[in-house]
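Using the numbering used here, you'd call the opening residue of the sequence shown number 13 and step up by one each time.
FYI, nobody ran anything at the bench for these hints, they're computed from the structure. The structure displayed is predicted, hence computed values, not measured ones. Incorrect hints may have been included.
With a straight-line cut-off of 25 angstroms between C-alpha atoms, the simulated SDA-like cross-links for lysine to any residue are [unchecked claim]:
(1) Lys131 x Leu280
(2) Lys58 x Gln318
(3) Lys115 x Pro163
(4) Lys131 x Ala266
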Amino acid sequence: MDTNALSNVQWFAQLPDEIRAKCVINPWPALLEQWLSNPLFRNSTKDRIDAMIEGLAKLGAPFRDRFAQQQESLLRKNDAALRTQFSLIVPYVAIMKALLAQKLSAEEALERLEAMTQKDIPRFTSAMMLVALGTLLKSNQSLKLVGDLKPAFSYLDSFLAFQPGQKDETDHINVPYLRNRAGDLNLWLSLPLLRQQGYRFVGTPAVVTGDRALHRLILRVIPPVLRDGLTMGFSLLPEGLPASSCERIMTIAASIQVRESAKAEDQLARMSALFELAKDCCTDDSERQALDQMFSDWWRPGFGKQIDLS
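All chains, please: the whole structure from these sequences, using the hints.
Dropping the structure here:
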């Protein structure tokens, strides 16, 4: 769940008793987002975690003994590795923002995206699918998903919009903007990521969020799915999208070939190339500097470090 779902727990109170009694709560994405963005949280982590889970605990959600202390320990000892993991999606945030802001036809933007899939960079299928979806929705801004009253593109447009004065954002790409959008998208990516780390779900996993772009569009159209009981990937659900759009998105996804694990120096070179590619999409030096800062201060220090779950 995200931070809003952890602070406003009415969704949990409204669940049927038989479901609420069986729920296992994992607030890790919300705690990680707070750890990486809120200095006050870092200064008094245990107390703030206790306060954050209090509402759910009062409604009967089970939390093991010393839960807050254990979560604080995981955050502190894995700070560098978690920052690296968190910032993997950052270059794609900048690429998506730039492609959708430019005056390009859908086909021109998709051709640029397809060219990126062939470069020697970390090619995240989920991110590529999302950028392709956004490009096609921009070209058909009146399209509404099944049963929805608002155009599908409006959710993504609002999600990517600059919010000057909120959470240290300005009217251009800066570090807070990249951090905030990456935080939201990491909730979307959280289930496959947890699975890759060896996490095993009891029952049916569910993501709880009040973010409209996530639950009305992104998680609805590109949901994470179990592949073979051990791994998770991303699927495409039409939900009212034209067949031609679905085919175009899947063509791009199918063109992405997953490479075998590379040596550390190759991984470093590829990620550096991805950040450079994102910088090439930016409109001014301050945006490029923000990406440089995310690479040097967020991604690079934890590169090669494994997350310690002990």
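What's the verdict on Lys58 and Gln318, does the C-alpha distance respect the 25 angstroms limit or exceed it? Holds, because 23 angstroms separates the two Cα atoms, which is no more than 25 angstroms.
Is the hinted pair Lys131 and Leu280 satisfied, with a Cα-Cα distance of at most 25 angstroms? Answer holds: Lys131 to Leu280 is near 15 angstroms, not above 25 angstroms.
25 angstroms limit on alpha-carbon distance, applied to hinted pair Lys131 and Ala266: holds (15 angstroms)
Holds or violated: are the alpha carbons of Lys115 and Pro163 at most 25 angstroms from each other? Roughly 20 angstroms separates the two Cα atoms, so the pair holds.
Hint compliance for this structure: every hint is met.
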